[in-house]
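Engineer: Residue strings, one per chain:
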Amino acid sequence: MPTGDLIASDQTAADPQALKHAWQVLDEVMDPEVPVISLTDLGIVRDVEWRGGQLCVVLTPTYSGCPATEHIEQSAKNALNEAGFTRVQIEQQLAPAWTTDWISQRGRERLKAYGIAPPVGSAAKPSFDKIIECPLCGSSNTKEITEFGSTACKALYQCNDCLEPFDYFKCI
Amino acid sequence: MTRYDDLTELLLQLGDSAMVQAQRLCELVGGAPALEEEVALMNVGLDLVGQARNWLEYAAERINDGRTADDLVFLRDSSDYCNLLLVELPNGDFGVTIAKQFLFDSWHYAMLQSLSGSSDERIAAVATKSFKEVTYHLRRSSEWVKRLGDGTDESHQRMQAAIDQVWHYSFEFSMPTEHLAALEAEGVFPAASTVHERWSETVKAVLSEATLTQPEAAARNYLSGREGLHTESLGYILAEMQFLPRAYPDANW
Ligand SMILES: [Zn+2]
Numbered sequence: 003m004p005t006g007d008l009i010a011s012d013q014t015a016a017d018p019q020a021l022k023h024a025w026q027v028l029d030e031v032m033d034p035e036v037p038v039i040s041l042t043d044l045g046i047v048r049d050v051e052w053r054g055g056q057l058c059v060v061l062t063p064t065y066s067g068c069p070a071t072e073h074i075e076q077s078a079k080n081a082l083n084e085a086g087f088t089r090v091q092i093e094q095q096l097a098p099a100w101t102t103d104w105i106s107q108r109g110r111e112r113l114k115a116y117g118i119a120p121p122v123g124s125a126a127k128p129s130f131d132k133i134i135e136c137p138l139c140g141s142s143n144t145k146e147i148t149e150f151g152s153t154a155c156k157a158l159y160q161c162n163d164c165l166e167p168f169d170y171f172k173c174i
Numbered sequence: 492m493t494r495y496d497d498l499t500e501l502l503l504q505l506g507d508s509a510m511v512q513a514q515r516l517c518e519l520v521g522g523a524p525a526l527e528e529e530v531a532l533m534n535v536g537l538d539l540v541g542q543a544r545n546w547l548e549y550a551a552e553r554i555n556d557g558r559t560a561d562d563l564v565f566l567r568d569s570s571d572y573c574n575l576l577l578v579e580l581p582n583g584d585f586g587v588t589i590a591k592q593f594l595f596d597s598w599h600y601a602m603l604q605s606l607s608g609s610s611d612e613r614i615a616a617v618a619t620k621s622f623k624e625v626t627y628h629l630r631r632s633s634e635w636v637k638r639l640g641d642g643t644d645e646s647h648q649r650m651q652a653a654i655d656q657v658w659h660y661s662f663e664f665s666m667p668t669e670h671l672a673a674l675e676a677e678g679v680f681p682a683a684s685t686v687h688e689r690w691s692e693t694v695k696a697v698l699s700e701a702t703l704t705q706p707e708a709a710a711r712n713y714l715s716g717r718e719g720l721h722t723e724s725l726g727y728i729l730a731e732m733q734f735l736p737r738a739y740p741d742a743n744w
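Chains as they are written, first to last, in the working numbering: chain G, 3 to 174; chain Y, 492 to 744.
Here are the computed lysine-lysine pairs in the DSSO-like style, where the Cα-Cα straight-line distance is at most 30 Å: (1) Lys637/Y / Lys695/Y; (2) Lys132/G / Lys637/Y; (3) Lys145/G / Lys132/G; (4) Lys145/G / Lys127/G; (5) Lys127/G / Lys114/G; (6) Lys695/Y / Lys127/G; (7) Lys172/G / Lys695/Y; (8) Lys637/Y / Lys623/Y; (9) Lys127/G / Lys637/Y; (10) Lys172/G / Lys623/Y; (11) Lys132/G / Lys623/Y; (12) Lys623/Y / Lys114/G; (13) Lys145/G / Lys114/G; (14) Lys132/G / Lys695/Y; (15) Lys114/G / Lys22/G; (16) Lys114/G / Lys79/G; (17) Lys172/G / Lys114/G; (18) Lys637/Y / Lys172/G; (19) Lys132/G / Lys172/G; (20) Lys22/G / Lys79/G; (21) Lys145/G / Lys623/Y; (22) Lys623/Y / Lys79/G; (23) Lys172/G / Lys145/G; (24) Lys172/G / Lys127/G; (25) Lys172/G / Lys79/G; (26) Lys637/Y / Lys145/G; (27) Lys623/Y / Lys695/Y; (28) Lys623/Y / Lys127/G; (29) Lys114/G / Lys132/G.
Pair by pair, the computed Cβ-Cβ distance ranges are: (30) Asn555/Y / Ile133/G: 50 to 56 Å; (31) Gln56/G / Asp741/Y: 30 to 36 Å; (32) Ser684/Y / Pro167/G: 42 to 48 Å; (33) Tyr495/Y / Leu165/G: 52 to 58 Å; (34) Val122/G / Ala708/Y: 38 to 44 Å; (35) Lys695/Y / Gly140/G: 39 to 45 Å; (36) Gln733/Y / Asn83/G: 35 to 41 Å.
Simulated from the structure, these hints should not be mistaken for laboratory data. Beta carbons: idealized from backbone N, C-alpha and C, even for Gly.
This is chain G alone, in the form it adopts within the complex (with noise of 0.2 Å):
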């Protein structure tokens, strides 16, 4: 029997393995941007939960006009269609705003690998002299080039010893 028939059932609508499933799945489905990092890891995913009969995924988006919104509501409810879950509602909410310091350590650690410096510091405590490590060769002789990059979550910077530039994934 396919899990959407059980998970469709009130019975099981309850049940806090098919949640906890749900999470697994949403755990897989990459940024299209940054297809290093799910959208747990970004922290996007507020809330996941059954209402009446139904499954509600909360997210929220990392800036105003990021254009892969849609993109992403769309690929988080073909994942759980796929896994089963029949009845997705997608809901979109703006408070509180995101901000990276919900990105997790593995979420981080695959930026860095993938050759983006993750967000230095905290967005709740901001500080303004931050070093920021090149994602190449780790070293902090870094400077910025400018303050937007390929996208608006990210700015360019340039390493001074290996020279390569590379994107830094702003602390917001």
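Based on the hints, put chain Y with the ligand in the right spot on chain G.
Structural biologist: Structure of chain Y with the ligand alone, referenced to chain G:
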């Protein structure tokens, strides 16, 4: 123009100003002085389009006549737009582009700072999110004003000329109190009456660091973006922005 309640007009002013500023920035695709700068301008524009959508969706719900946020953007004429006059002015040279962006960002910052504490939860949510983004915008445009103002003789002179040229339109930053008193009293727009003062402090500090002279307070005139009384520039912007959805009303992505 069609008049609405004060709150809806405030939402339209915020949404339309962000939208028109974003549209002006889009004109610079392929024409900014440096690639990095072009990327930055487009990212600022993208943030503003997202913010405009959030404000205008709320405005559309309040107007409640079947129009969506898209309809408001693509199917209203200039006399129904409530944007600040400043944002519709042509981009001019890079000095003018930056002067406009800086004055807009500093006003926007003071507005969103207040609205983040709104008693209306939806306004507070959109404002808090936008405020983070606009803090970044303001930092960037302030840096440019300082760099150009306190740069070479030529950059100083051109940055001063740019500020002088667009300064006049800052009269709209002190909004008529009759529209705001009730919103401020209800807590929907806390500290509305101090927006102009806080804006003015930011500008004073940046211009002084940039070694630029702050012009005298701008006087009100017969134009008023909020009331749909615009410069001729807005019509040209809308003609370009609205052509496709008006010519092909069922066009889709
Ligand atoms: Zn390096």
